[in-house]
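Number of protein chains: 2
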Amino acid sequence: MSVKTIGKFLINDLHIHLRQGALMKAVTPALNNAGIGAVFVMPNLQPPITTSDQAIAYRSELQKLAPNVTFLMSLYLNPDLTPAEIRKAKANGVVGVKSYPRGVTTNSEGGIESYLVYYDVFGTMEEVGMVLNLHGEIPSDPDNDICILNAEERFLTHLKQLHADFPNLRIVLEHATTRAAVECVKSLGSTVGCTITVHHLELIVDDWAGKCHNYCKPVAKYPHDRKALQDVIKEGHPRFFLGTDSAPHPRHLKETSSCAAGVYTGEHILAYLANALASFDAIERLLQFGTNFGAAFYRLTDADLKGASAVTLVEQDFVIPKIIKFIDDEGVAREIIPYKAGETLKYTVNA
Amino acid sequence: MSVKTIGKFLINDLHIHLRQGALMKAVTPALNNAGIGAVFVMPNLQPPITTSDQAIAYRSELQKLAPNVTFLMSLYLNPDLTPAEIRKAKANGVVGVKSYPRGVTTNSEGGIESYLVYYDVFGTMEEVGMVLNLHGEIPSDPDNDICILNAEERFLTHLKQLHADFPNLRIVLEHATTRAAVECVKSLGSTVGCTITVHHLELIVDDWAGKCHNYCKPVAKYPHDRKALQDVIKEGHPRFFLGTDSAPHPRHLKETSSCAAGVYTGEHILAYLANALASFDAIERLLQFGTNFGAAFYRLTDADLKGASAVTLVEQDFVIPKIIKFIDDEGVAREIIPYKAGETLKYTVNA
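Each protein sequence line maps, in turn, to chains A and B.
Take 1 as the starting number for the first sequence in the UniProt record's numbering and just add one per residue.
Take 1 as the starting number for the second sequence in the UniProt record's numbering and just add one per residue.
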């Protein structure tokens, strides 16, 4: 049987959760030869990564686990962050600062409530060339009709205000899920980028309702929202690029009364992405969306990406594992259920 | 410590799932002296209740388990239902016919796709005075932007058409969840009623996202939708009445990758209802919403309700059990997790 070769790819994942301890060790090594060049690593650990020193130490841990991958590090925006710390972070190669509105996702209890107190920090970030990464949801507020379905749309005024006040600050609206967000980012200047996950290209609200392994924040929304995410990739808009938000949780924290938010795509991201793009006839955008647009926005150089090698993507059935086993920090046998567990993708990486 | 007495109540639950076999035996007996007069029993068993004979046999089983409760029975709308069967059902005291759109909730795979083929049946129901009970959602259809969030609103054209074509047929829009549904029912004639669950008075989308025990169909929606449900009760609209949609599932079918849809309120419905109404200052509507409006729409007589006795509702803390244990039909120990498990309500029934 002949196998159709799509091409050689080395993608960049500009939004990933790699955790810490045993879970980090369970998910990071497999990234090493998976066709992944650079990953932008989220800082929402326990405790969060708030200083350059922590970020450097975390990067060092990750590099040992996957030496060929370029780990782009971030700090967790918090009131103790100073312009001096921003300069130090920049000097140490830290790339971005992540803002979490309070309480909207995993380990975001220390998230922000107002951006005004951070204007000195943002000014310094703009000056030194760091990226501001926004989890673009406001906290739910039923008295004002705000819930997880409109929390992203209601956040967009903040994005517009920040861009107006810091026009040269590179800002990324992370994991956009709505048509409103896509239209807003398109309307803004060249310093505003936007990540899109693979699962938000495939899921709508029906797909996570009662299906815990598809439950993430922001939640997948209406079909017209999914269509807008697909369309902006299909048109090849250069400010929209891959950020998987891959977010592993042990199975027992997913299949329970209060499910942890996060979809795990992990090391199979190239296959997932090809499969998703093909579903709406956009596989010809794989190189742009998956590699080049993100690299350009983050100003990655060949030197930044020297570690990893491109891999060959082929059109061939590939069954996602049903379960990934690991031993947690307490020595307990645990499982991770990956996205599309047990399902057959139409693409795979040629070993 | 003095306990404030709210009054004596005997409520009617015009939408309840009592299941079959071991699960039926686990949840039905507790209804017997819980201040519940009549319950309207859903027919979505396996196989569904499609004939009078089945309905009578099912009623007989239920009456043995809770002899003081009046069980109002329904048939599952399906292509084999004939005008003759409707007349037989009416003669045997069957009260309604339930329509499930295909595939939208538990055991609805045999649901309807178009109402036109049922017009003979509906005409006979109108003539003999049976009630048509509508699960008011259309199936999701992403190509037309239809998902579980707008499936109810998109259904309302069917409700309006049925009411226009059968103006004397009593129709109940079951478990309304949206402002659109409330406004639609209000706009229609006196033969159109609407049930509202307790949990939809309290939950929004945030409350079932990742929280399987609050996941039901139709799903709870925006805060403004919840407000509309509360408001129509607060204003005392006589065509809106209690139907809990109490729907027990064993825990292992809830806390899993594909969660069964249903919230279990069961025998504590009077306490739940008082607690919910009090949360939006509407406890004075308890008698109307919980008892009288439903009885009037269903034309229940004192003779229909002779079995049960009113119970005394008091303002006193009441902790909902965390777990209800039962042995399933295979002899396996199972659990049901009730709504608000482990939480403290402010009202209880005085034993």
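Among the hints, erroneous ones may be present.
Copies of the same chain look alike in the list, so a pair counts if it fits in one copy or across any two.
[Unchecked claim] In the DSSO-like style, the derived pairs of lysine-lysine whose C-alpha atoms are separated by at most 30 Å in a straight line are:
| # | residue 1 | residue 2 |
| --- | --- | --- |
| 1 | K64 | K234 |
| 2 | K325 | K88 |
| 3 | K186 | K25 |
| 4 | K64 | K211 |
| 5 | K25 | K211 |
| 6 | K325 | K186 |
| 7 | K322 | K211 |
| 8 | K227 | K211 |
| 9 | K227 | K90 |
| 10 | K322 | K90 |
| 11 | K227 | K186 |
| 12 | K227 | K325 |
Source of the hints: derived by calculation from the structure; they are not laboratory data.
### Task
Please work out whether the CA atoms of K322 and K211 approach to 30 Å or closer within one copy, between two copies, in both situations, or in neither?
both (15 Å within a copy, 23 Å between copies)
### Message
Please sort K322 with K90 into within, between, both or neither, judging by C-alpha distance up to 30 Å.
### Response
So K322 and K90 fail the 30 Å test inside a copy (40 Å) and across (51 Å) alike.
### Message
When Cα atoms must be at most 30 Å apart, do K227 and K325 count as within-copy, between-copy, both, or neither?
### Response
Answer is neither: 35 Å inside a copy and 45 Å across each miss the 30 Å cutoff.
### Query
How do K227 and K186 come out at 30 Å by Cα distance, when the copy is not named: within, between, both, or neither?
within (15 Å within a copy, 35 Å between copies)
### Query
How do K227 and K90 come out at 30 Å by Cα distance, when the copy is not named: within, between, both, or neither?
neither (37 Å within a copy, 49 Å between copies)
### Query
Under a CA distance limit of 30 Å, which applies to K186 and K25: within one copy, between copies, both, or neither?
neither (38 Å within a copy, 58 Å between copies)
### Query
When no copy is named, should K325 and K186 be tagged within, between, both, or neither for a Cα gap of at most 30 Å?
neither (41 Å within a copy, 54 Å between copies)
### Query
Which holds for K227 with K211 at a C-alpha limit of 30 Å: within a copy, between copies, both or neither?
both (21 Å within a copy, 27 Å between copies)
#### Entry: Within, between, both or neither: K25, K211 at alpha-carbon 30 Å
both (27 Å within a copy, 29 Å between copies)
### Task
Up to 30 Å between alpha-carbons, please classify K325 paired with K88: within, between, both or neither.
neither (39 Å within a copy, 58 Å between copies)
### Intra- versus inter-copy proximity for K234 and K64 (alpha-carbon distance at most 30 Å)
For K64 and K234, the Cα distance exceeds 30 Å both inside one copy (37 Å) and across copies (63 Å).
### Query
Using 30 Å as the alpha-carbon threshold, which applies to K64 and K211: within, between, both, or neither?
neither (35 Å within a copy, 37 Å between copies)
Hint compliance for this structure: hints 1, 2, 3, 4, 6, 9, 10 and 12 are not met, and every other hint is.
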